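J.: Sequence:
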Amino acid sequence: MNQPLHTAKDEYSGRPITQDAWTALEEYRTTGAVKFESLEIPFLRDFYVESSRAAALQETVEIEVTDYDRGDYRVRLYDPRPVEQRDDETPAILFAHGGGWTIGNLETHDSPARRLAIASGFPVVAVDYRLAPEHPYPAAIEDCCDALRWLADASSEHGVDASSLNVVGDSAGGQLAAVLANECADDDSLQPLLTQSLIYPAVDLTEERIATGGSYQRIQEGYLLVKSTSSWFINNYVSEVDDRSASDISPLYADLPSSLPATYILTVDNDPLADEGIEYAGKLALAGAKVTHRHLPGYHHGIINSAGTVRAAEEELGNIAEFIRKHNS
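Just so we're aligned, residue 147 is where the sequence shown starts under my numbering, counting upward by one.
For the record, the hints were derived by calculation from the structure and aren't laboratory data. Remember, predicted model here, so these are calculated numbers, not experimental data. Just so you know, even glycine gets a beta-carbon here, dropped at the ideal spot from N, CA and C. Treat each hint with caution, since some may be false.
Each computed DSSO-like pair below joins lysine-lysine, with the alpha-carbon atoms no more than 30 angstroms apart [said to hold, decoys possible]:
| id | residue 1 | residue 2 |
| --- | --- | --- |
| 1 | K181 | K155 |
| 2 | K155 | K373 |
| 3 | K181 | K373 |
So the derived label-pair ranges between C-beta atoms look like this [to be verified]:
| id | residue 1 | residue 2 | range |
| --- | --- | --- | --- |
| 4 | S391 | G434 | 16 to 24 angstroms |
| 5 | E468 | L432 | 20 to 28 angstroms |
| 6 | R199 | R276 | 19 to 27 angstroms |
| 7 | T169 | A308 | 36 to 44 angstroms |
| 8 | G434 | T169 | 34 to 42 angstroms |
Work out the full structure, taking the sequences as your base and the hints as a guide.
T.: See below:
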């Protein structure tokens with residue numbers, strides 16, 4: 147994939163920006179590049195829904211979509227299979243959305259979840275986990291664990307093979323997916339996963355990372371996710387008394403279990419989370435996981451929500467779907 151450049155040296159990051167990435171960035175910069183932490187959370191949540199819908203892929207394939215109330219949270223099942231094949235047990239994907247544990251929901255990530263279902267041919271269950279600051283750590287990971295148990299327990303009802311489960315998450319959802327994959331490999335009460343796909347994941351929530359991390363220092367202005375915004379999101383999710391290096395907060399510091407699932411990691415260059423994602427890919431490989439790591443220069447955090455305009459995002463969703471199919475055949 148070689149996309150033409152908008153610039154070889156961005157005024158903020160000093161790195162390239164591709165033309166398709168610039169299409170997603172231009173309006174943000176020309177309207178003042180307002181940082182998310184300066185806005186009221188209810189407004190920000192609504193804005194995220196509207197902006198994600200505006201940049202979403204326009205699908206032409208109709209699939210069945212059903213919401214389920216799980217008490218504290220909801221899940222949405224995307225089933226791309228023909229009706230006559232839904233009794234056949236197939237692999238399934240659990241999807242955790244991004245948004246800094248503070249924003250995001252089933253609507254902001256309807257397009258990526260839908261595309262993963264269509265491209266893979268497998269049912270996708272998106273988790274509408276509880277959000278911070280109203281519901282801080284560990285609410286989000288508790289909901290994701292519960293959703294995975296629900297999917298496994300209800301597998302026969304939905305035509306799912308409980309031994310062929312996979313997890314995908316972006317950004318904060320990538321953190322939740324990574325924690326879930328590690329816990330599934332280490333907890334007999336959870337079904338081990340076949341794959342995890344982590345899209346520009348947040349895997350180091352420590353104050354040291356924010357203060358000294360190279361990509362954090364490089365990305366401080368001009369992008370939707372910058373150093374101060376990431377710090378604000380993290381502080382919404384974890385408190386001052388939480389151990390931010392704990393394995394279910396910062397997977398980068400976990401003692402990785404054996405039998406880790408095959409892993410796909412996507413990192414992007416213009417992203418404060420780039421370095422930790424790259425480091426985590428290396429750590430997983432050293433622990434024995436089969437790792438496919440893709441790093442995209444010229445792109446910024448959040449591109450999968452702009453897959454309707456950012457061609458690389460559409461391609462990466464296809465790559466992840468193919469990766470999951472390969473490891474579930």
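J.: It remains to establish, for every hint, whether it holds in the given structure.
T.: Cross-check of the supplied hints:
| no. | hint | verdict |
| --- | --- | --- |
| 1 | K181 / K155 | holds (22 angstroms) |
| 2 | K155 / K373 | holds (19 angstroms) |
| 3 | K181 / K373 | holds (10 angstroms) |
| 4 | S391 / G434: 16 to 24 angstroms | holds (22 angstroms) |
| 5 | E468 / L432: 20 to 28 angstroms | holds (25 angstroms) |
| 6 | R199 / R276: 19 to 27 angstroms | holds (22 angstroms) |
| 7 | T169 / A308: 36 to 44 angstroms | holds (41 angstroms) |
| 8 | G434 / T169: 34 to 42 angstroms | holds (40 angstroms) |
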